[in-house]
Structure formats: C-alpha cells, structure tokens
Amino acid sequence: GAGVSQSPSNKVTEKGKDVELRCDPISGHTALYWYRQSLGQGLEFLIYFQGNSAPDKSGLPSDRFSAERTGGSVSTLTIQRTQQEDSAVYLCASSLGLALNEQYFGPGTRLTVT
Amino acid sequence: AQKITQTQPGMFVQEKEAVTLDCTYDTSDPSYGLFWYKQPSSGEMIFLIYQGSYDQQNATEGRYSLNFQKARKSANLVISASQLGDSAMYFCAMRELMYSGGGADGLTFGKGTHLIIQP
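So the sequence lines, in the order shown, correspond to chains A and B.
Taking this note's numbering, the leading residue of the first sequence gets 1, the next gets one more, and so forth.
Taking this note's numbering, the leading residue of the second sequence gets 1001, the next gets one more, and so forth.
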C-alpha cells in the first residue's frame, strides 16, 4: 500500500512568514510522529500523536511550533514567524501504535528560511 | 549525556565484505527498543531492524543482523556481504517505554555513520 506522504517536498519562505507542513500517514496507523533533521542538531523528535489523544508538546522547540491531527489521520505542523534556524528537513513517521512498533518515515519536507 | 552514541562518522568497506556499525546506548529504563534505519542520499529513512530489550535472541532480517550485548549496552548492526546499494547513512535509535512522555515519546537517534561501499 501507499507509504507516508508529505507535502510540500520543498518550501522556501521568508523569515517571519508562517508555514504549514502536511503529513498523511499509512492507512491504519494510529501513531504519528514529527521529527526535524538538520546538520547542526541531527535528528530531533518534535511531537507524537496517538489516535485522537492530545499530544505532549514538550518536545517542540519553541511556542512558534504547533501541530494538529484531524480525524486521527492527516497531521499539519505549523511554524509561525519562521526564523533561519528553522531551516531543516521535517520528517513525518507513522506506526501501528504500540510504542515499540517500527516507524515508517515519509520523504520529508525541506524547509529553507531566507 | 548522549543516549545513543555512534562512534564511526564514516566508513569505507570493500564490496562483498561484512561490515559492523557500532552503536552504544544509555538508559536506566528496563523496557526499551533499539532500531536501525538507513538513509540513502535520496533522504528517505528506511527501517532495517528492531531489537527489544527483553528479546533473548539477536534480531536478524535478511543480510542485516543486530549484535545485542545488553550488559555492555551495545547494539551493533552487522551487514553481511555488502553491496554498492548499501552506501548510505545509518542511524541507530532507541525508544524507552517506562520513561516516555515529557518529550521522550519518539525515537532518540544517534548522529549516524556514513557508510561507503567501494567496488
């Protein structure tokens, strides 16, 4: 079946603008994760959704970051007032739901803030 | 302190040789899982293999095996008969169970090893 999809694949934005990144998980996967990959910080976990439960937001790097998941499926990561340090590849992953199930990653969104 | 340490930033290996990628981890959680992912130059993260902390046997998946030494907190990935297509970044990751929450609900990744297979 289809894997995790993310859009857009690339996004260039000006500093101070808001951006929305979208993730469509594998059908039937109840858990959804957002990560960020940058040269300086490596791979960082951002936020996790299990079904329709409210997520733990403490992994988000600042209050400019927010995420939501509608209907237990598609998720949107929003970054407000983007800064140059937000430039990174944002990866989404999904899994069957148990904590130790393997996560399947999407192709990522490359965000460049100019 | 780093939870996942990969000490080999880069490795060159001759095609058809076996290769071992090192990974050590740090946790006081008795319940955890260890994962290896491959990231080719295309950027997508590909799941390779999983080892649970209570698993008695080392995990194997085709040419991949995980050398799990719990007392040493080591989870090295072994690739047998390497192929040119194995050239990629390899990441070791961990998920803790009991001490999750508070931003620890996702995988914690190491910095990766860049493996290059030479013909």
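Careful: at least some of the hints might be erroneous.
[Said to hold, decoys possible] Covered stretches of chain A (chain B as the covering partner; in silico rule of three or more C-beta atoms under 8 Å from a C-beta of chain B):
| # | stretch |
| --- | --- |
| 1 | 9-22 |
| 2 | 66-80 |
| 3 | 85-93 |
| 4 | 99-107 |
Bear in mind the hints are in silico, worked out from the structure with no lab data behind them.
Note that CB positions come from ideal geometry on N, CA and C, so glycine has one too.
Hint check results:
Under the rule that three or more residues need a Cβ within less than 8 Å of chain B, the assignment of the stretch 9-22 of chain A is violated, with 0 such residues. As drawn, the stretch 66-80 of chain A meets chain B at 0 residues by the rule of a beta-carbon pair under 8 Å; below three, the given contact is violated. Proximity of the stretch 85-93 of chain A to chain B, defined as three or more residues with a beta carbon under 8 Å from a beta carbon of that chain, is established by the 3 residues found. Under the rule that three or more residues need a Cβ within less than 8 Å of chain B, the assignment of the stretch 99-107 of chain A holds, with 8 such residues.
Hint compliance for this structure: hints 1, 2 are broken, all remaining hints hold.
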